[in-house]
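K.L.:
Spelled out from the first residue to the last, the chains are:
Protein chains: 2
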Amino acid sequence: MSFHSEAWSEDPQNVLRVGPGFRLDAVETDSTPGFKGGKKTGVAELARVVDTLSDLQERLHAAATSGATDSVLLVLQAMDTAGKGGIVRHVVGAVDPQGVQLASFKKPTAEELAHDFLWRIHKQVPADGKIGVFDRSHYEDVLIGRVRNLAPAEEIERRYEAINEFERELVDSGTRIIKIMLQISPEVQKKRLLDRLDRPDKHWKFTPNDITEREVWPDYQEAYQIALTRTSTDYAPWYVVPADNKWYARVAVQHLLVDVLSEIDPQWPTATYDVEEARAALQASKV
Amino acid sequence: MSFHSEAWSEDPQNVLRVGPGFRLDAVETDSTPGFKGGKKTGVAELARVVDTLSDLQERLHAAATSGATDSVLLVLQAMDTAGKGGIVRHVVGAVDPQGVQLASFKKPTAEELAHDFLWRIHKQVPADGKIGVFDRSHYEDVLIGRVRNLAPAEEIERRYEAINEFERELVDSGTRIIKIMLQISPEVQKKRLLDRLDRPDKHWKFTPNDITEREVWPDYQEAYQIALTRTSTDYAPWYVVPADNKWYARVAVQHLLVDVLSEIDPQWPTATYDVEEARAALQASKV
Chain B
0 MSFHSEAWSE
10 DPQNVLRVGP
20 GFRLDAVETD
30 STPGFKGGKK
40 TGVAELARVV
50 DTLSDLQERL
60 HAAATSGATD
70 SVLLVLQAMD
80 TAGKGGIVRH
90 VVGAVDPQGV
100 QLASFKKPTA
110 EELAHDFLWR
120 IHKQVPADGK
130 IGVFDRSHYE
140 DVLIGRVRNL
150 APAEEIERRY
160 EAINEFEREL
170 VDSGTRIIKI
180 MLQISPEVQK
190 KRLLDRLDRP
200 DKHWKFTPND
210 ITEREVWPDY
220 QEAYQIALTR
230 TSTDYAPWYV
240 VPADNKWYAR
250 VAVQHLLVDV
260 LSEIDPQWPT
270 ATYDVEEARA
280 ALQASKV
Chain C
0 MSFHSEAWSE
10 DPQNVLRVGP
20 GFRLDAVETD
30 STPGFKGGKK
40 TGVAELARVV
50 DTLSDLQERL
60 HAAATSGATD
70 SVLLVLQAMD
80 TAGKGGIVRH
90 VVGAVDPQGV
100 QLASFKKPTA
110 EELAHDFLWR
120 IHKQVPADGK
130 IGVFDRSHYE
140 DVLIGRVRNL
150 APAEEIERRY
160 EAINEFEREL
170 VDSGTRIIKI
180 MLQISPEVQK
190 KRLLDRLDRP
200 DKHWKFTPND
210 ITEREVWPDY
220 QEAYQIALTR
230 TSTDYAPWYV
240 VPADNKWYAR
250 VAVQHLLVDV
260 LSEIDPQWPT
270 ATYDVEEARA
280 ALQASKV
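Quick note, the sequences are listed as chains B and C, same order.
FYI, numbering that gives the first Met the number 0 numbers position 171 of the first sequence as 170, with every residue one higher than the one before it.
FYI, numbering that gives the first Met the number 0 numbers position 56 of the second sequence as 55, with every residue one higher than the one before it.
Just so you know, not all the hints are guaranteed correct.
[Claimed, not checked] Straight line, CA to CA, 27 Å or less: simulated DSSO-like cross-link-like pairs of lysine-lysine: (1) C/Lys-204 to B/Lys-285; (2) B/Lys-190 to B/Lys-38; (3) C/Lys-189 to B/Lys-285; (4) B/Lys-285 to C/Lys-201; (5) B/Lys-122 to C/Lys-245; (6) C/Lys-106 to C/Lys-190; (7) C/Lys-105 to B/Lys-122; (8) C/Lys-245 to C/Lys-201; (9) C/Lys-122 to B/Lys-105; (10) C/Lys-285 to B/Lys-245.
For the record, the hints were derived by calculation from the structure and aren't laboratory data.
Given the sequences, and given the hints that come with them, work out the whole structure.
P.N.:
So this is what it looks like as structure tokens:
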């Protein structure tokens with residue numbers, strides 16, 4: 000059963016999902032699909048749902064201690080400044096860090112490049128009971144990989160199906176996958192990059208390479224369009240989240256996460272020991 | 000420079016530190032050394048200092064991106080139910096998960112046992128810019144290791160010096176180490192274990208082994224006394240935190256963490272690119 004909240008007129012699972020005929024260029028980056036209110040309501044909703052999310056995460060963890068094999072994997076992809084970091088900080092950061100397994104995929108090392116592109120990914124899939132978060136992911140290998148010709152065309156081509164098979168296997172072994180693309184407009188990116196240049200305490204977040212990547216924005220959009228449509232499956236769907244409004248992106252991703260955890264509906268394990276016996280032994284303890 | 004807060008009459012770095020002549024059995028587990036108020040003030044202080052801690056963590060992370068090699072390692076040790084999990088959740092959990100590297104050391108695997116006891120520890124030391132947290136640690140190898148005779152006496156004996164050398168090397172390479180032992184009374188442990196038995200949603204946190212370990216409480220206290228006094232060094236001191244009051248333990252550990260980060264005093268990196276040039280290029284961007 001999905002999560003229901005009065006703040007939404009439609010479930011983000013429905014309105015944000017990449018389905019047949021999806022066009023990335025039709026996404027309105029400043030829209031707030033399915034959400035009833037504005038920023039004030041959104042910020043309040045984010046805080047209000049934290050307890051629900053925390054409770055579900057703890058149940059997921061607890062269930063795994065008695066053999067449940069469920070886990071969740073949240074994949075985050077976006078152009079620079081779209082707000083991946085804010086999702087990690089404000090959505091994922093609200094739950095117990097002991098239940099989260101965060102992996103950040105940067106430019107591959109020489110050792111990683113000497114293996115198949117999924118090699119480093121396999122090593123970071125979430126353990127039973129964990130919420131795994133990928134800050135960038137195997138999708139970089141069909142995004143920057145495609146835009147910058149980092150591999151031959153037929154290898155890039157091969158990867159879409161390899162990704163679908165990899166994700167299929169992951170889902171079959173008990174992992175629910177939520178794939179998020181945060182979509183901003185190039186104008187909002189320019190504003191956010193300029194803001195980084197205006198503030199000395201943000202200078203470290205900027206590199207001239209951000210401009211170089213920005214110059215090929217249309218190429219990235221095309222690479223995303225292809226990746227989104229070829230790898231949005233019924234078992235591992237993509238959601239494109241309009242992210243000009245940071246508060247909306249956060250509350251939408253939180254809702255998607257709570258949806259999936261509610262569907263798993265993890266249960267507190269029942270005791271594998273005799274509770275009365277344990278209580279008596281403890282009461283009799285001389286220490 | 001240490002962190003100063005009006006809520007404290009004395010810095011926990013001074014009042015909780017294990018120094019010459021330290022006696023673990025003299026620690027009053029229900030005391031709140033150095034803190035001026037009670038629970039209400041403590042809870043408010045914990046929330047108030049979150050911004051300071053978050054800001055310092057972000058600076059630590061930022062400084063590492065321009066070559067600083069500073070990191071922090073928080074080692075957590077305690078008897079069961081003393082509140083390690085709560086420290087991770089409420090103190091560490093308040094900062095950006097991207098800046099935290101959490102390692103939980105459980106019963107060693109066969110592969111780990113086939114190596115020196117520090118082998119699995121080395122692999123988890125924090126990267127530059129990270130706050131590492133050890134939930135249990137290499138100290139288990141001189142605690143349960145000693146109490147349960149898991150290694151020959153001369154091997155246990157060897158480990159204290161091996162630990163000191165390992166920590167010395169870690170500190171020399173830029174890691175500040177804060178070692179915390181949360182100390183509760185056996186009565187409080189009994190109460191907390193009974194609480195777990197009373198609540199079906201807490202049954203999974205209990206195992207009959209908790210009683211077995213509790214039976215040798217004095218042996219553990221002796222093993223702690225030896226470990227604390229032999230490995231509390233000027234470069235990697237131990238702090239024993241009275242933990243019958245969870246709010247006190249949390250606010251004390253938070254203060255110790257902020258102290259060390261304030262001493263590092265990490266700085267925002269200066270731009271390695273020409274800011275004006277970058278701004279002009281961005282403004283001229285056709286995207």
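K.L.:
Decide, hint by hint, whether the structure agrees.
P.N.:
Going down the list of hints, with the structure as the test:
no.: 1; hint: C/Lys-204 to B/Lys-285; in the structure: holds, 22 Å
no.: 2; hint: B/Lys-190 to B/Lys-38; in the structure: holds, 19 Å
no.: 3; hint: C/Lys-189 to B/Lys-285; in the structure: holds, 11 Å
no.: 4; hint: B/Lys-285 to C/Lys-201; in the structure: holds, 24 Å
no.: 5; hint: B/Lys-122 to C/Lys-245; in the structure: violated, 36 Å
no.: 6; hint: C/Lys-106 to C/Lys-190; in the structure: holds, 26 Å
no.: 7; hint: C/Lys-105 to B/Lys-122; in the structure: holds, 20 Å
no.: 8; hint: C/Lys-245 to C/Lys-201; in the structure: holds, 18 Å
no.: 9; hint: C/Lys-122 to B/Lys-105; in the structure: holds, 20 Å
no.: 10; hint: C/Lys-285 to B/Lys-245; in the structure: holds, 25 Å
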